[in-house]
Each structure stands twice: as C-alpha cells, then as structure tokens.
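Novice: Following the hints, complete the assembly by docking chain B onto the known chain A.
There are 2 protein chains.
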Amino acid sequence: MKHKLALIGFGTVGQGLCEILINKKSELKENHDFDWEVVAVSDLLKGSVYCPDGLDVNQLLDLVKSDRSLEEYECKSKKAPCEFGWDAVTTIHDSNADIVCELSYTDVKTGEPALTHCKTAFENGKHVVTSNKGPAALKHKELKKLAEKYGVQFFIEGTVMSGTPVLNLARGPLAGCSISAVRGILNGTTNYILTEMEAGKSYEDVLKTAQKLGYAEADPTGDVEGYDAMAKVIILANVVMGADISAESVDCEGITGITPEMINEAKQNNARWKLIGSVEKSNGKITARVKPEMIPSDHPLAGVMGATNALTFSTDLLGDVTIVGAGAGRTETGFSILTDILSINKFQKGI
Amino acid sequence: MKHKLALIGFGTVGQGLCEILINKKSELKENHDFDWEVVAVSDLLKGSVYCPDGLDVNQLLDLVKSDRSLEEYECKSKKAPCEFGWDAVTTIHDSNADIVCELSYTDVKTGEPALTHCKTAFENGKHVVTSNKGPAALKHKELKKLAEKYGVQFFIEGTVMSGTPVLNLARGPLAGCSISAVRGILNGTTNYILTEMEAGKSYEDVLKTAQKLGYAEADPTGDVEGYDAMAKVIILANVVMGADISAESVDCEGITGITPEMINEAKQNNARWKLIGSVEKSNGKITARVKPEMIPSDHPLAGVMGATNALTFSTDLLGDVTIVGAGAGRTETGFSILTDILSINKFQKGI
Chain A
66 MKHKLALIGF
76 GTVGQGLCEI
86 LINKKSELKE
96 NHDFDWEVVA
106 VSDLLKGSVY
116 CPDGLDVNQL
126 LDLVKSDRSL
136 EEYECKSKKA
146 PCEFGWDAVT
156 TIHDSNADIV
166 CELSYTDVKT
176 GEPALTHCKT
186 AFENGKHVVT
196 SNKGPAALKH
206 KELKKLAEKY
216 GVQFFIEGTV
226 MSGTPVLNLA
236 RGPLAGCSIS
246 AVRGILNGTT
256 NYILTEMEAG
266 KSYEDVLKTA
276 QKLGYAEADP
286 TGDVEGYDAM
296 AKVIILANVV
306 MGADISAESV
316 DCEGITGITP
326 EMINEAKQNN
336 ARWKLIGSVE
346 KSNGKITARV
356 KPEMIPSDHP
366 LAGVMGATNA
376 LTFSTDLLGD
386 VTIVGAGAGR
396 TETGFSILTD
406 ILSINKFQKG
416 I
Chain B
66 MKHKLALIGF
76 GTVGQGLCEI
86 LINKKSELKE
96 NHDFDWEVVA
106 VSDLLKGSVY
116 CPDGLDVNQL
126 LDLVKSDRSL
136 EEYECKSKKA
146 PCEFGWDAVT
156 TIHDSNADIV
166 CELSYTDVKT
176 GEPALTHCKT
186 AFENGKHVVT
196 SNKGPAALKH
206 KELKKLAEKY
216 GVQFFIEGTV
226 MSGTPVLNLA
236 RGPLAGCSIS
246 AVRGILNGTT
256 NYILTEMEAG
266 KSYEDVLKTA
276 QKLGYAEADP
286 TGDVEGYDAM
296 AKVIILANVV
306 MGADISAESV
316 DCEGITGITP
326 EMINEAKQNN
336 ARWKLIGSVE
346 KSNGKITARV
356 KPEMIPSDHP
366 LAGVMGATNA
376 LTFSTDLLGD
386 VTIVGAGAGR
396 TETGFSILTD
406 ILSINKFQKG
416 I
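Here the protein sequences come in this chain order: A and B. Take the first sequence: its position 180, counted from the start at 1, is 245 in my numbering, and no numbers get skipped. Take the second sequence: its position 307, counted from the start at 1, is 372 in my numbering, and no numbers get skipped.
Isolated chain A, as found in the complex:
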C-alpha cells in the first residue's frame, strides 16, 4: 500500500521533506517497507494542485525553485485530471490523502489556521504529522483525543528540536522510565547569540549577523524574549510529562538582559550563560519556565554551542539522559515529518 500525502504549506520544510522522499525512495521501500506518493500540495502563496493518481514531485520542486505557481503544474495522469486552486481545508477534506503533513505558518497565540487543518483531517479519518508548534502548544490534549476518536494518529516530533528525536526518544527508547524533569537549550538563535557574545561581540552586532544568516527574524522578539522556547517547554510539559499547562503559567524571561559583564563574570567562574527551558515535577505539581542560567562548564549543556539544541531528561531508572542535535534546518525538519510518517507506517503494519 502506498501512503498518500497531502502537504499543507510548501515552504522549506515541505520542500525539504520532498527532497528526502525523492532521494530515499528505494531505501525507504527496502528498509522500512514504506512507499508513498504526494497527491496534493496547497500553499497560500505558491498555489495549489491535487491529483488522486499522485503528483510528480520533481516538477513541483522545479516550479517553486523558479518562483512559478504550483498551478502551472502539468498534469500527467490520464485517468484523473488535476484540480487546481483548492484551499487547505478543501484539500484535506476532498483529497484521497491518508496522511496530512501540516506545514503552514506557526501562530502560537491562536494556533490557526493549523488547528482547523488538524481537526478537519481527524474528522475525515486522516492522520496528521506536523512541525507546527501552534496546535501542539495550545491544544495537544484535545487534538490527541480527537485523533483517537477517529482512529488516526497525531505526531509532532518536529515541534521541539526539529528532527532531533526528543518526543520519540521519550515515547520509545525511554518508555518504562518515569521522567521527573526536562531541561535544555531549545532555541538555536539565542544560543548562537550567547556563543558569539562569549567571543567578545556585542548583542546588537551579533543580532545583525544572525539576521543576515537567517538564524533570526527581522522582528527577533519571538526568539530573544524566550517565546519560541516557551512554546516548546509547554509541548514538553504536556506531551512528555503529562501536564496540562498553558503560556500563562510559564515563567518566561529571554536573553535581552544579558550584558557583556555578565558573560565575562561567568567565564571567570568557569561557567556559561545559556537560555534554559525547563519543566519539573515536584510533589505531583508540574512547573515550567524559560530563563537564562549560568551553567558550570563541566555540565553537558555547557558544551552546546552555536545554533545547536540539547535536552536533558531526568529519569528514575537511568538518571540524566541528554540528547544534543540540530534545532532547525530544511533537511532536519523535513526529517521530523518523515520520522512521524514512518511511525504511522510502522504502526499500521505492526512492524
């Protein structure tokens, strides 16, 4: 059976996913008994195309690379002509996809339009995989229940540390352990800024470079004030530790208060400033926060430099387990979508 994928959003993550799917087609078939076709792509800016017989993914990639609309796609099916111009909800509702890859833009305040996309998919018996933090940070419990009701899956590995396995690590290889705390560097932009400030550069200069490199947005508030890390902390609290918290209950402070003097003082004390997101369970109560912390240089999180992310799980049976890896990136986040699709494939086939 070929999985039929609908891509809602065709930015870097969707394109990254398609590149991986093409490059690894035979490997995925051989090693993971996984076969696929992309039947629909719907993007607010790039246009929309659907073919129940499957689309030529190379043609899709070529179109967006040359800044042309997806609606210029040349249909190759003789059995079923392509449909153009379907919006996201129509695509999810009316296409024959069995897996919806929700890759639209992130809004961590309302969760929309991704929230509606997820619900529509579930109500139509379709699985959802997403790297969008909005629905996961705002309504994970509700969405998980809805997915269960309709007998489908809702996987979100890419919402924290892109494809570096964090949620899958907790759900899979750490199963059997109780996790009493998670603590980590969850935002690459701020870690890059702190790393460069340690090398003697000023906050303002580093921010400018980060913006030039594409690490930081034109409006860097989401990163430097800790809001991006906060959304991830909420996801970790609710998904990994079974809490039910929202933004109001997270104590959140960014890195804008860190001065060169503070950086130097830390250095003299054999330590480093890091923006740490943490969730702790104590006496049955779960608290979450985002805050700059001085980390001793012999701590596993202290060696995590640049745009790299890291997360430490405190467990009852293994003590601390730390995973370090990419927190963003075209291929890395593309992989996060693939890993969730492979989980669905594995689950369905009982392999």
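No lab work stands behind these hints: they were computed from the structure. There's no promise every hint is true.
When chains are identical, the list treats them as one kind, so a pair holds in a single copy or across two.
[Said to hold, decoys possible] In silico lysine-lysine, DSBU-like type, Cα no more than 30 Å apart, as pairs: (1) Lys204 <-> Lys94; (2) Lys350 <-> Lys90; (3) Lys143 <-> Lys89; (4) Lys184 <-> Lys210; (5) Lys346 <-> Lys411; (6) Lys209 <-> Lys411; (7) Lys89 <-> Lys210; (8) Lys67 <-> Lys414; (9) Lys90 <-> Lys210; (10) Lys266 <-> Lys332; (11) Lys69 <-> Lys414; (12) Lys411 <-> Lys204; (13) Lys414 <-> Lys210.
Specialist: Chain B in isolation, oriented as in the chain A frame:
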C-alpha cells in the same frame, strides 16, 4: 498473556532488573500492557530454582541479600513443585520461559558460556535479551540469523552504555537516516580516571580510588587498555553500521600512556583528553578504532565528565546527534534488559 522470564545469572544486573519489575509492576501493566513472571533463575554461584507457575521474586532477592543459596527457596506453588539445581542450559531448554535474560559473566574472547545460552534459547524458540558484550561483539550476525530462523528476537541494548538508549535510538527514532560515523566515550572507568587526573591527581592514585569505588576491577587491564571500549565499538560497527568486523581489525590504544604533562598541555589549549571509540564509513569501507584524543572544550563530548558515557551519531539528514548518559550501574543496566523485553512485548502485540 504473561511473559515468562528465565534469568541466567543473578548478579547486580539480574537483581536490578527484578527490583524494577517489582516496583513498576502495575505501571508496566497499565502503560505498556506488559505483564510478567520470573519462572527460573540459574546462577553458577548462587544456585538455581525453577517453577513453571512463577517464582516469588522478593524471596529470591531476600535470599541473595542474606548470602543464602537460591536452592533454599521455599516453593509456593501447589500445582507444580520447584526444580532445583538446573544448570543454565537445562533451564533454557526445559523451562517454560518465553524470554531468556542472558546475564552471565562476560568473556569477550570466547563469548562463552553466553554464546551457548543464546543458541540454545533460539533453537528452543525463546527470545534472548542480554547486556553481555561477548556474544554481541563476536557473533552478532550469526546469532541474529539464528534468531530469525526460529522466529524469535535477539536484543542487546545493554551492551553499549547500559540502558542509555544507543542501539534503540539508531533502530527507532533515527530510522530513515544513514549513519556515516559514530564516535564516543564508551568506557566510564577511563573517563573517570581522566577527569580526576585533570583535577591534579596521579594515575596511580586515581586508579586505586576507582578500584575502591567499584568503578575499576582488581585487574584494570580491560578498561585502561581500551578492550572494553573496543568490544562496544565492534558492536556499534556491526549492529548500527552494518559492518562485519572483529577485534583484529580494530586499532586499539588505552589511556596508560597519558601523562600529567599531556593533561596540562591540553588544558592550556582549551581542550581535554578523552578515550574515544569510533567507527567511520568512508568510500564504503568501515574502520573502527579506540584511541585517546584531545577534544576541544566546546565539543559536546568534552563536557562529558566522570563515569558518564556519550555517543555521537553522524547522520545524513540530522547532522550530528549526541546522546549522553550512564554507562553502567545496577538499575541502569537492569533497565536495559527491561527496555528490550518491552520491545519484544510491543512487537508481539503490534502496539
């Protein structure tokens, strides 16, 4: 269905496993649909007992804690009287266990007696889970084939970094990535010695303390000459990277040549000596080695201190992914056996 476990060997790992199984009985049933009984324990020094109805594990633990023989076990079954004095092979062959936990002593030269235990189990349709490096380092491919032939599983998570997920991470959440290299700190004893030498102590003094603390054996050769790390490197090469190498092809050097002068020189260069085990694939050829290396202090492996272990996977889709955690310990290695048993349970139930 209750899984029936036979424990071959009842040292710290077996006892650690039993403690976890008792403490987590209801949690494992509820969260993982896993139920168990221990039907047999066979230990060369502590004696042997088998009851097809299941043994009282608390009584077994009490017996060994008070240095009494397992053959003093008081049978509680009215249906089936206990059998005493069965050796390992008889226990594997004649008991009604469906999972054999191979926890006998490690011999990385011959692999025996564990090798015979594994083969006997497979030929009698029984799964094997083990933390014993012998069979895994010497005959992984052959054993995996034999297990497949008889439709059973052979899981060995505990052979590298105890229960810290390394093999399960590669097999599960990293599936879909190609791994081109692994590189890590795989021996806690030598990492502890290097950490303490950095604090100004001499090799001889630290070794004595390590022996007192139980980190190092009376004959420390296996650790300090790198042989323990070498066995793990062979397992990683063969299991994670699909090689088929043996000890002869591994370039192996321990830490006995590291002097206080070298440690100081590294410090002055913002670096640290670490005993690194590595496997690399280049032009289709896989090479493996164990060697002390000077690691820059901003590298993820540099912050790994004391008896902690760490491993970096170099992948095509995620770049470097590093996992840091315990490399030994009663509960940690006990968990490695549990995690493999849970994998079997999950696989059988398609969950």
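Novice: Hint by hint, note whether the structure agrees.
Specialist: For each hint, the structure was consulted:
1. Lys204 <-> Lys94: between (34 Å within a copy, 28 Å between copies)
2. Lys350 <-> Lys90: between (46 Å within a copy, 24 Å between copies)
3. Lys143 <-> Lys89: within (27 Å within a copy, 59 Å between copies)
4. Lys184 <-> Lys210: within (11 Å within a copy, 45 Å between copies)
5. Lys346 <-> Lys411: Between copies only: 28 Å across, 32 Å inside.
6. Lys209 <-> Lys411: both (19 Å within a copy, 21 Å between copies)
7. Lys89 <-> Lys210: between (33 Å within a copy, 26 Å between copies)
8. Lys67 <-> Lys414: Classified as both: same-chain Cα gap 12 Å, cross-chain 24 Å, threshold 30 Å.
9. Lys90 <-> Lys210: For Lys90 and Lys210, only the inter-copy Cα distance (27 Å) is at most 30 Å; the intra-copy one is 33 Å.
10. Lys266 <-> Lys332: both (15 Å within a copy, 24 Å between copies)
11. Lys69 <-> Lys414: both (16 Å within a copy, 26 Å between copies)
12. Lys411 <-> Lys204: both (26 Å within a copy, 28 Å between copies)
13. Lys414 <-> Lys210: Classified as both: same-chain Cα gap 22 Å, cross-chain 22 Å, threshold 30 Å.
Comparing the model with each earlier hint shows no violations; every hint is respected.
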